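Novice: Letter by letter, the sequence shown follows residues 1 to 213 of the numbering used here.
Heads up, a few of these hints could be off.
[To be verified] Computed cross-link-like contacts, DSS-like style, restricted to lysine-lysine with a CA-CA straight-line distance of at most 27 Å:
| id | residue 1 | residue 2 |
| --- | --- | --- |
| 1 | K132 | K84 |
| 2 | K154 | K167 |
| 3 | K166 | K154 |
| 4 | K176 | K66 |
| 5 | K153 | K167 |
| 6 | K160 | K184 |
| 7 | K160 | K150 |
| 8 | K166 | K153 |
| 9 | K154 | K78 |
| 10 | K153 | K132 |
[Claimed, not checked] Just the calculated beta-carbon pair ranges, DEER-fashion:
| id | residue 1 | residue 2 | range |
| --- | --- | --- | --- |
| 11 | K184 | L59 | 40 to 48 Å |
| 12 | G201 | K78 | 22 to 30 Å |
| 13 | K176 | R123 | 22 to 30 Å |
| 14 | E57 | K166 | 26 to 34 Å |
| 15 | S152 | E73 | 33 to 41 Å |
| 16 | K78 | T194 | 17 to 25 Å |
| 17 | P87 | R52 | 27 to 35 Å |
| 18 | Q205 | K167 | 35 to 43 Å |
| 19 | E196 | V146 | 19 to 27 Å |
| 20 | Q81 | Y158 | 18 to 26 Å |
Note that these hints are calculated values from the structure, not bench results.
As the structure is a prediction and not an experimental result, all values here were calculated from the model.
Ideal Cβ positions, reconstructed from N, Cα and C, are used throughout, including at glycine.
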Amino acid sequence: MARILPPKCKLCRRAGEKLFLKGDRCSTPKCAMVRRAYPPGAHGTKKGRRPRSEFGEQLAMKQKVKRIYGILEKQLKKYFQEVKNKPGITGDMLMQRLEMRFDNVVFRAGFSRSRSFARQLVRHSFFLVNGKSVNIPSFAVRIGDVVRIKESKKNTEYVKQLAEEKKGEQLTGHPKWLNVSPEKFEIEVRERPTREDFGIGVDAQMVVEFYSR
1 MARILPPKCK
11 LCRRAGEKLF
21 LKGDRCSTPK
31 CAMVRRAYPP
41 GAHGTKKGRR
51 PRSEFGEQLA
61 MKQKVKRIYG
71 ILEKQLKKYF
81 QEVKNKPGIT
91 GDMLMQRLEM
101 RFDNVVFRAG
111 FSRSRSFARQ
121 LVRHSFFLVN
131 GKSVNIPSFA
141 VRIGDVVRIK
151 ESKKNTEYVK
161 QLAEEKKGEQ
171 LTGHPKWLNV
181 SPEKFEIEVR
191 ERPTREDFGI
201 GVDAQMVVEF
211 YSR
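Model the full assembly from the supplied sequences, consistent with the hints where possible.
Specialist: In structure tokens form, the structure reads like this:
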């Protein structure tokens, strides 16, 4: 399982923007980018942010994508290798591959406040895909797949809390490429996500250019 070892708030400060790695906390005054919007380290307040070269910008974008989706270098590179020779816009196909990861689908559907917690739910076998238990966060869902919470997990404290939040419509909206049935705890993959659905301030073409060097 991919692990991001540095504190998540430091990753946002290093990137110079909110990456929303800690769910609700990122939208509160406790967010590190609100309290300390400068690079981490003893000299963070003095150094500021230096201008980057073209290579530096591409590298920073690649790192941003890895941190947002919580994946390792070898995973991102593997996804690039999978899509680079396929017909279409490589950057969009790379983002589709990332968006259609099982853990991301759980997050996008509003069943988790963050991708990292969605990954935990998947690893602890909370979900069925087309009636079969799947506990691999990187599992690639397909159009027509149906994801639902296991009956045996519906009595857990988290799912009970989730049910209450759904009643109060406190969860964030889900993208149009997913059909979410709150009362059934069910997600249907309707179509592939488009560029408009990504919505995370990522220039995937820069990642493609980095790996194409």
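Novice: State for each hint whether it applies.
Specialist: Evaluation of the provided hints:
1. K132 x K84: Roughly 31 Å between the alpha carbons, so the hint for K132 and K84 is violated.
2. K154 x K167: 15 Å, holds
3. K166 x K154: Given that 27 Å is the threshold and the Cα spacing comes to 14 Å, the pair holds.
4. K176 x K66: 24 Å, holds
5. K153 x K167: 18 Å, holds
6. K160 x K184: 13 Å, holds
7. K160 x K150: Holds, because 13 Å separates the two Cα atoms, which is no more than 27 Å.
8. K166 x K153: Roughly 17 Å separates the two Cα atoms, so the pair holds.
9. K154 x K78: Violated, because 35 Å separates the two Cα atoms, which is more than 27 Å.
10. K153 x K132: 14 Å, holds
11. K184 x L59: 40 to 48 Å: 43 Å, holds
12. G201 x K78: 22 to 30 Å: Since G201 and K78 have Cβ atoms about 23 Å apart, the given range 22 to 30 Å holds.
13. K176 x R123: 22 to 30 Å: 28 Å, holds
14. E57 x K166: 26 to 34 Å: Taking Cβ atoms as reference, E57 and K166 lie about 40 Å apart, which means the hint is violated.
15. S152 x E73: 33 to 41 Å: 36 Å, holds
16. K78 x T194: 17 to 25 Å: 23 Å, holds
17. P87 x R52: 27 to 35 Å: Distance hint for P87, R52 holds at roughly 32 Å.
18. Q205 x K167: 35 to 43 Å: 42 Å, holds
19. E196 x V146: 19 to 27 Å: 24 Å, holds
20. Q81 x Y158: 18 to 26 Å: With a Cβ separation near 36 Å, Q81 and Y158 fall outside 18 to 26 Å, so the hint is violated.
Comparing the model with each earlier hint shows violations of hints 1, 9, 14 and 20; every other hint is respected.
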